[in-house]
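*Asks:* Here is how the chains run, residue by residue.
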Amino acid sequence: GENVEQHPSTLSVQEGDSAVIKCTYSDSASNYFPWYKQELGKGPQLIIDIRSNVGEKKDQRIAVTLNKTAKHFSLHITETQPEDSAVYFCATERGADGLTFGKGTHLIIQP
Amino acid sequence: DTGVSQDPRHKITKRGQNVTFRCDPISEHNRLYWYRQTLGQGPEFLTYFQNEAQLEKSRLLSDRFSAERPKGSFSTLEIQRTEQGDSAMYLCASSPVTEAFFGQGTRLTVV
Numbered sequence: 023g024e025n026v027e028q029h030p031s032t033l034s035v036q037e038g039d040s041a042v043i044k045c046t047y048s049d050s051a052s053n054y055f056p057w058y059k060q061e062l063g064k065g066p067q068l069i070i071d072i073r074s075n076v077g078e079k080k081d082q083r084i085a086v087t088l089n090k091t092a093k094h095f096s097l098h099i100t101e102t103q104p105e106d107s108a109v110y111f112c113a114t115e116r117g118a119d120g121l122t123f124g125k126g127t128h129l130i131i132q133p
Numbered sequence: 722d723t724g725v726s727q728d729p730r731h732k733i734t735k736r737g738q739n740v741t742f743r744c745d746p747i748s749e750h751n752r753l754y755w756y757r758q759t760l761g762q763g764p765e766f767l768t769y770f771q772n773e774a775q776l777e778k779s780r781l782l783s784d785r786f787s788a789e790r791p792k793g794s795f796s797t798l799e800i801q802r803t804e805q806g807d808s809a810m811y812l813c814a815s816s817p818v819t820e821a822f823f824g825q826g827t828r829l830t831v832v
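Residue numbers (the numbering used here), protein chains in the order written: chain A, 23 to 133; chain B, 722 to 832.
Pulled out of the complex, with its shape left as it was, chain B reads as follows (with noise of 0.2 Å):
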């Protein structure tokens, strides 16, 4: 399969932890973003990386988050400090110019 790869696609978690989410895009996309979406909403852009350069940041939620993409590869988005109101679906997408496609997404409960 050499769609978008999410891991892991669920996670519990109890608040005040930390958590690290993971994304491999498809190999030969440069674009990399990251989403989240609560139920019934449509996905809300947090951040994105051309390569390796996060070019959009202001966007994330909070200082608590915080999205890394070392070598322009996989990209991890790391939520510090859970809190119940983080509880979310967290999606990757990757794009060559500007279809974005979507990865299964990560679900995240804060208990």
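Bound-form chain A, shown alone (with noise of 0.2 Å):
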């Protein structure tokens, strides 16, 4: 099956800095590539996502990037802001068959 592997577990950024997360993937039939913020106590947020035919997207400060050669994809977030601390988490899905979650990300932002 899948396996997705994601680093680092815990980023600590200075406030207006970048922080970049970045994911592995077995499957090379994975074709749907999202990303998950999860505050405390609280369902997984869709942030941002990808599909196996573009190789990067933006909106606004998050961005994502797809490298389907190598099976990896990072997220990028420019000019951290506090509410952007949270546990981020990447994952794969081929076809209809479910997610598959990295273990996440703790992102902490620095004032």
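Any given hint might turn out to be false.
[Claimed, not checked] Listed next, the in silico DMTMM-like pairs over lysine to aspartate or glutamate satisfying Cα-Cα at most 20 Å (straight line):
| hint | chain 1 | residue 1 | chain 2 | residue 2 |
| --- | --- | --- | --- | --- |
| 1 | A | Lys-125 | B | Asp-745 |
| 2 | A | Lys-64 | B | Glu-804 |
| 3 | A | Lys-64 | B | Glu-789 |
| 4 | A | Lys-64 | B | Glu-765 |
| 5 | A | Lys-80 | A | Glu-105 |
Because the hints were derived from the structure by calculation, they are not lab data.
Hints given; two lone chains; assemble the complex.
*Replies:* Structure (structure tokens):
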């Protein structure tokens, strides 16, 4: 089955700096790659996603890049703000088989 | 609020008891998913429905777990003879096609 590795497990950045979270996956048939933000006691919230026919997607301060050959994708957050502090999860999906998640990155924004 | 709704938000039960959780998806979404999330981990896929048909159930954790979606609207997840290892957050998500939107989850504690 699919295996998704996510790094780092914890990331601390100064407010205003950029944050980058990276994921690798094993199943070359995966074709959908979403990122979720989860705050304490809440369900995951979809923040951005990318499909296998696209290399990069941007939405305001958030961007995702995908390298299908290398089987890795990354989340980039620019101009970080205190409200960006949360746990971020990458995930993959093949068809409609359900999402396979990474173990999460705890992002800490230092004031 | 037209998001995914889960009930109850919290459940404490004694080992050996049966529990049932309910999920109301976003109304126009025909796909409904159940996931389990343990502390410090990403959500783990359990099962999913397309309308009332359960298309994947091989990843339910044991035969003590079952799910239904009788009329293609709300869904229930039942755990029979609960064990302490069942303590976790149970998440429901719904999807129109690919993007999955999660509810706030039901936190189960087995004592």
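*Asks:* So which of the earlier hints does this model not fit?
*Replies:* 1, 2 and 3
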